[in-house]
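Novice: The primary structure of each chain is shown beneath.
There are 6 protein chains.
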Amino acid sequence: MAQLRKVILPQLPKTPSGISGLDEITQGGLPKGRPTLICGEAGSGKTLFSIEFIVRGALNYNEPGVFVAFEEKADELATNVASLGFDLKKLIDTKKLRVDYIHIERAEIEETGEYNLEGLFIRLDYAIKSIGAKRIVLDTIENLFSGLSNKAILRAELRRLFQWLKDKGVTAIITGEKGDGHLTREGLEEYVSDCVILLDHRVNNQISTRRLRIIKYRGSFHGTNEYPFLIDEEGISVLPVTSLK
Amino acid sequence: MAQLRKVILPQLPKTPSGISGLDEITQGGLPKGRPTLICGEAGSGKTLFSIEFIVRGALNYNEPGVFVAFEEKADELATNVASLGFDLKKLIDTKKLRVDYIHIERAEIEETGEYNLEGLFIRLDYAIKSIGAKRIVLDTIENLFSGLSNKAILRAELRRLFQWLKDKGVTAIITGEKGDGHLTREGLEEYVSDCVILLDHRVNNQISTRRLRIIKYRGSFHGTNEYPFLIDEEGISVLPVTSLK
Amino acid sequence: MAQLRKVILPQLPKTPSGISGLDEITQGGLPKGRPTLICGEAGSGKTLFSIEFIVRGALNYNEPGVFVAFEEKADELATNVASLGFDLKKLIDTKKLRVDYIHIERAEIEETGEYNLEGLFIRLDYAIKSIGAKRIVLDTIENLFSGLSNKAILRAELRRLFQWLKDKGVTAIITGEKGDGHLTREGLEEYVSDCVILLDHRVNNQISTRRLRIIKYRGSFHGTNEYPFLIDEEGISVLPVTSLK
Amino acid sequence: MAQLRKVILPQLPKTPSGISGLDEITQGGLPKGRPTLICGEAGSGKTLFSIEFIVRGALNYNEPGVFVAFEEKADELATNVASLGFDLKKLIDTKKLRVDYIHIERAEIEETGEYNLEGLFIRLDYAIKSIGAKRIVLDTIENLFSGLSNKAILRAELRRLFQWLKDKGVTAIITGEKGDGHLTREGLEEYVSDCVILLDHRVNNQISTRRLRIIKYRGSFHGTNEYPFLIDEEGISVLPVTSLK
Amino acid sequence: MAQLRKVILPQLPKTPSGISGLDEITQGGLPKGRPTLICGEAGSGKTLFSIEFIVRGALNYNEPGVFVAFEEKADELATNVASLGFDLKKLIDTKKLRVDYIHIERAEIEETGEYNLEGLFIRLDYAIKSIGAKRIVLDTIENLFSGLSNKAILRAELRRLFQWLKDKGVTAIITGEKGDGHLTREGLEEYVSDCVILLDHRVNNQISTRRLRIIKYRGSFHGTNEYPFLIDEEGISVLPVTSLK
Amino acid sequence: MAQLRKVILPQLPKTPSGISGLDEITQGGLPKGRPTLICGEAGSGKTLFSIEFIVRGALNYNEPGVFVAFEEKADELATNVASLGFDLKKLIDTKKLRVDYIHIERAEIEETGEYNLEGLFIRLDYAIKSIGAKRIVLDTIENLFSGLSNKAILRAELRRLFQWLKDKGVTAIITGEKGDGHLTREGLEEYVSDCVILLDHRVNNQISTRRLRIIKYRGSFHGTNEYPFLIDEEGISVLPVTSLK
Ligand SMILES: Nc1ncnc2c1ncn2[C@@H]1O[C@H](COP(=O)(O)OP(=O)(O)O)[C@@H](O)[C@H]1O
Ligand SMILES: Nc1ncnc2c1ncn2[C@@H]1O[C@H](COP(=O)(O)OP(=O)(O)O)[C@@H](O)[C@H]1O
Ligand SMILES: Nc1ncnc2c1ncn2[C@@H]1O[C@H](COP(=O)(O)OP(=O)(O)O)[C@@H](O)[C@H]1O
Ligand SMILES: Nc1ncnc2c1ncn2[C@@H]1O[C@H](COP(=O)(O)OP(=O)(O)O)[C@@H](O)[C@H]1O
Ligand SMILES: Nc1ncnc2c1ncn2[C@@H]1O[C@H](COP(=O)(O)OP(=O)(O)O)[C@@H](O)[C@H]1O
Ligand SMILES: Nc1ncnc2c1ncn2[C@@H]1O[C@H](COP(=O)(O)OP(=O)(O)O)[C@@H](O)[C@H]1O
Ligand SMILES: [Mg+2]
Ligand SMILES: [Mg+2]
Ligand SMILES: [Mg+2]
Ligand SMILES: [Mg+2]
Ligand SMILES: [Mg+2]
Ligand SMILES: [Mg+2]
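Chains as they are written, first to last, in our numbering: chain A, 50 to 294; chain B, 50 to 294; chain C, 50 to 294; chain D, 50 to 294; chain E, 50 to 294; chain F, 50 to 294.
Think of the hints as simulated: they come from the structure by calculation, not from any bench. All figures in this text were calculated on a predicted structure; none of them were measured in a lab.
You can't tell identical chains apart in this list, so a pair holds if it fits in one copy or across any two.
Each computed DMTMM-like pair below joins lysine to aspartate or glutamate, with the alpha-carbon atoms no more than 20 Å apart:
1) K122 x E154
2) K200 x D229
3) K200 x E163
4) K217 x E167
5) K215 x D124
6) K200 x E154
7) K138 x E283
8) K81 x D124
9) K144 x D124
10) K139 x D124
11) K139 x D149
12) K178 x E167
13) K138 x D149
14) K122 x D216
15) K217 x D124
16) K215 x E154
17) K81 x E125
18) K217 x E125
19) K215 x E125
Just need the whole structure built from these sequences, with the hints factored in.
Specialist: Shown next, in the form of structure tokens:
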């Protein structure tokens, strides 16, 4: 084995999230050019985590980013993060950010029973190119796939979306809603993803605590415990309280 | 980061609920012009919470309100809250309140399999305009959507209702029935909502306690723990026993 | 707020149940002219509670009552409560009680897939008028609705039944079978009802205890804890062991 | 109330089971002329309980009995209880017992999707008359109804069977298999029955104990706790360890 | 009662399993000429238990046996038990054992939606006669019936199989896979069987223990607790640690 | 029994996994020429375990291996394990490894409703022959079978795949996703497999630990407890902390 380890082999490239504490736990950030799944219950901080990833990228690392929102309109999103010191409007004006609000009409689903992925790709492609985006967020994935009932087809479609994102070379975050006894609603997304982070907001004896856990990170060491995190005036701060395993 | 925080950015506008203790925990009330979801089991206090929100608005903040009731008729509602000192009749007479009892007939559902949202919008619109309402309550959402089985369509319809309310500029409360292991029956409403409050009425060693928790509040800090609350002669009083995290 | 409370507002009218201890916990009895849902598992005491409500009404408050039985025939019912000192025959003879045993045939359900509510209303109407009933019991509701699978239609039908009873001005008890993780089989009845009481018969360390809890009482204060109750020679006695919250 | 209790009212007639300890807990036995449901998991003792009820009736109380077996043939049954000192053959020869093994063929179910109850009634009627039976056992009910999926129809059919048995004036035992979180597979039988007894065979720290509980007994006081019972050379012995509540 | 017990009645005939410790707990072995159900999770020891029953029968009691394997081929089976000192080949050569590997093709199920029981009977009959078998094993039953969805038909088919085996007069073991909250996948097999033994392999604080429990044994006393067992060089050894209750 | 054990019988042939600690617990490795099922949740280490099995085989035991990946492309896989000192490229160049990425298109499933196994066999056959593979991995099985809903057909197909692999004489690993209360999604794979290993990554008091358990190993003794394992710069190291059972 000894001679094997002498050779200097390429390490997995990473993109710093810019989120305080997280890049320490992940030893450098999220997998570069790959999609990461952020899952958690309503209010666990998925959207905030994603937006901070985009904002920090634009401000600290000069990486423009696209935020594809299915739940909140661009101006609502801007209002929602203003108190954290994130000035989305300014970022949009300086072409560092593009917020794309996709409103899925009932009719779009009723016709074919599902959302048209090809149309989404065209739209994403345009958004990415328009600002030369290096980062992208899709918040949340359930909006795309909740019309699909066949698990095998859902799996194929998930992989198609993930592959498309990889082919674009962008570092992506996809958010997902927590399911019953699964990380996600369908319990498939976590298997297909390269990196999975779970956000948690449990109540214990009437006191709530926010916690983050790296469930899975293909190709990299990382802290594996549950780390408490705070949401304060500067966004999210993860406390890497336990030393790296 | 420092220069970022110097800029004075707009804060999320809020509407004081007027409910004792709650505006302290939420740092100012419910999100202004947006819908808030109040969920809980039968008897947890959803209707009382909603009606107090409307009554306090009318009396303390001069904001007329519409209460759309699917469960209780206008006079029943008035009787039910009389002992809390809420005089609905007087508020109705002075055009500060409008109670709209919507009785969904079986036939309405059987024809199309679901309740017609367009018809509801016309009715809500009329009600809002008739008194210049700034607040509105829909009690409870299950009456509208329990005929829809396709999750993707339900999500689209929920968003359509929420968007319609936002477009009207009213601060809304929508109540929802608790589901199995979810906050709501379908487990979707909490993801689509901007603000979610859970009312709870647990029994422990034969003693029951009422508790309230802000599950989610897009765009704002808030107390995150479980706060005990009382229903007494003056309505609901939430005890912000733990300091704001 | 002060001037608000000075006005003397109407209180919710109540009908004393006559059940020992219960009228203390409910501050006067069940909601007058409205239906109350009594739910619990097999053997929890639903039928006994209901029959005592009717018998006490007839004897102590001079309110004739109708008992609609789907499970037990009139003479069986009489036999079943004889040892509690309830003489149903005498009450029937003196026109203070009418027991209506409704036997639902398989054919009635198979034809339309559900029980015909209109037919029930005619029958109930006749029964109520025949003795000038002020109280009525339907034991148990599952017999009427277990053929309905669409939740939206079930909700509409439940409301139709409840409304019909309210229109008649009778104080009603409807019993319901306990469901999985719900108070009732469908988990809908408790949301539609104005008053919900849960009867419980738990075993702990091989010892069983009967307990009663007011889950919900629209328009009224009430004890909210779990109260032990006994079934003895005089019927049900609830022990209001904890003071009114 | 006082004058009410002075009148001597008829008590619920009972049939002694002859099972050691049980008639003490039930204050006299099972409800005479009515069906009792005995439920429990595989091996909990349902069949043994039922057969002892029949054997004791024939030997101690001179009441001939019919045992309708769907699971075991007459000779198998005889073999199975021989070591408990029950000589079924002798009882059959002396016309005190009739064992009717009903073998339900697949074809019988496939044709109509369910078992034909009318045919069963003719067969039971004949069996009862042939020995002038006062007791009857149906072991187990799932054999009759597991083809029925509509809950409303199942309820109607259950009631039809129970009513038929009552009309015959026999004291009946019907056994039922334990369901998930219900006393029986469908969770309906326990609501329709007049008397329900649960047999339990739990393992705690590798040690198993048999326990019996009267879940429900319409029209009668009874011990309500869980009572340990033994199966020994003389059959079942219930230990009424806690005094009657 | 006294005179009843004086008569010497036939006891249930038993077949010694030859498995160390088990014949002590069962007071003589498995029910002779009847099928016994052995259930447990994957790896709990069902196949080993069954094969040892056959091997001990052939070697110690001169009873030839048929092993019908749906999961493992004859030579695989031989390899799997070789290290336990069981020489299947030698037993086969001396006509003391016949291993019948039944390979169910997809096509066989797709045509009729289920496996053809008649064909199986012909095959079993031939196998039994060819060596004059007194013992038989079917490992595992799910292979036969997992295509049947109607519970009433499944019950009828299970009984048909069990009856066929009884008619052949062989002492049989049928293995079954553990289901959710049931002993078997469908939760039916344990009710239809005369004898049910559960094998368990629980982990507690990272340490696993194998345990065996006689769930049910029609017609016989037996130890009712959970007994630890080992798999070592001589096969299975059950430790009858607690005295017979 | 004594004379039986004297004969030297063939032992189950094994293939050393080369994974540190595992071959000690399994007394020599995985069953040679048979498929082993590795199951666990997302991020539990299934892919890493499988790839190390292939890499160690090629390097330490001179056994070429095929890795069939449904989730990760060949170059992604190479990148993912580079930091563990595994140089996949070099192994591929020297014909010691072949990575076959199978991308299942939606269309392939939609046509027949399932993935075509025959096509897979041709592809696997070619891959095995091209490098004279002795080891093979299929990561993960859900990609092949999640379109099959009939359990009987799924079982037949699983067995067909397993049999095909056995016929090829390769030592195989098949990975499977954890299901609700089952080892695998369908809860069938563990019954059909000869060897089943569960990887676990539980969180306890915010601290996570990786553990491995041999659920089942047909034909062999093995450690049966839960063994902690680490993922470090040299791959997986299992700690055989408790002595062999
Ligand atoms: N190259 C690596 N270096 C260190 N740890 C790794 C590496 N690759 C994977 N891991 C660790 O192993 C875990 C499991 O990876 P993987 O085998 O892909 O899981 P699975 O296939 O069960 O989903 C990852 O979440 C990570 O913690
Ligand atoms: N602007 C803000 N200031 C402070 N806290 C915020 C702000 N926005 C959101 N939060 C907090 O973060 C929580 C999670 O928000 P969000 O990211 O929208 O959750 P998710 O997308 O997981 O539903 C909110 O419930 C709130 O507690
Ligand atoms: N007028 C009142 N006075 C005092 N308590 C009341 C009054 N109305 C309701 N309550 C209390 O509030 C509880 C909740 O009522 P409600 O708001 O109708 O619940 P929900 O809408 O969640 O079903 C009731 O069960 C009762 O305990
Ligand atoms: N006449 C009686 N005397 C004493 N106890 C009775 C009498 N009738 C019923 N009970 C007790 O009350 C319990 C509940 O009876 P019932 O009201 O029929 O329950 P439910 O309708 O909830 O199924 C019975 O199981 C029994 O313990
Ligand atoms: N003849 C007997 N002698 C001693 N114990 C017996 C006898 N028959 C049955 N048992 C015991 O009683 C248990 C329950 O038997 P049974 O009444 O057939 O259960 P059930 O019908 O509930 O499945 C058996 O598992 C066994 O422990
Ligand atoms: N030849 C053997 N030597 C030692 N132990 C064995 C042998 N065969 C099986 N075992 C042990 O017995 C366990 C159960 O095997 P098996 O009877 O095949 O289980 P099941 O049929 O319940 O799935 C195996 O997981 C292994 O631990
Ligand atoms: Mg969000
Ligand atoms: Mg309400
Ligand atoms: Mg009742
Ligand atoms: Mg039985
Ligand atoms: Mg096996
Ligand atoms: Mg993997």
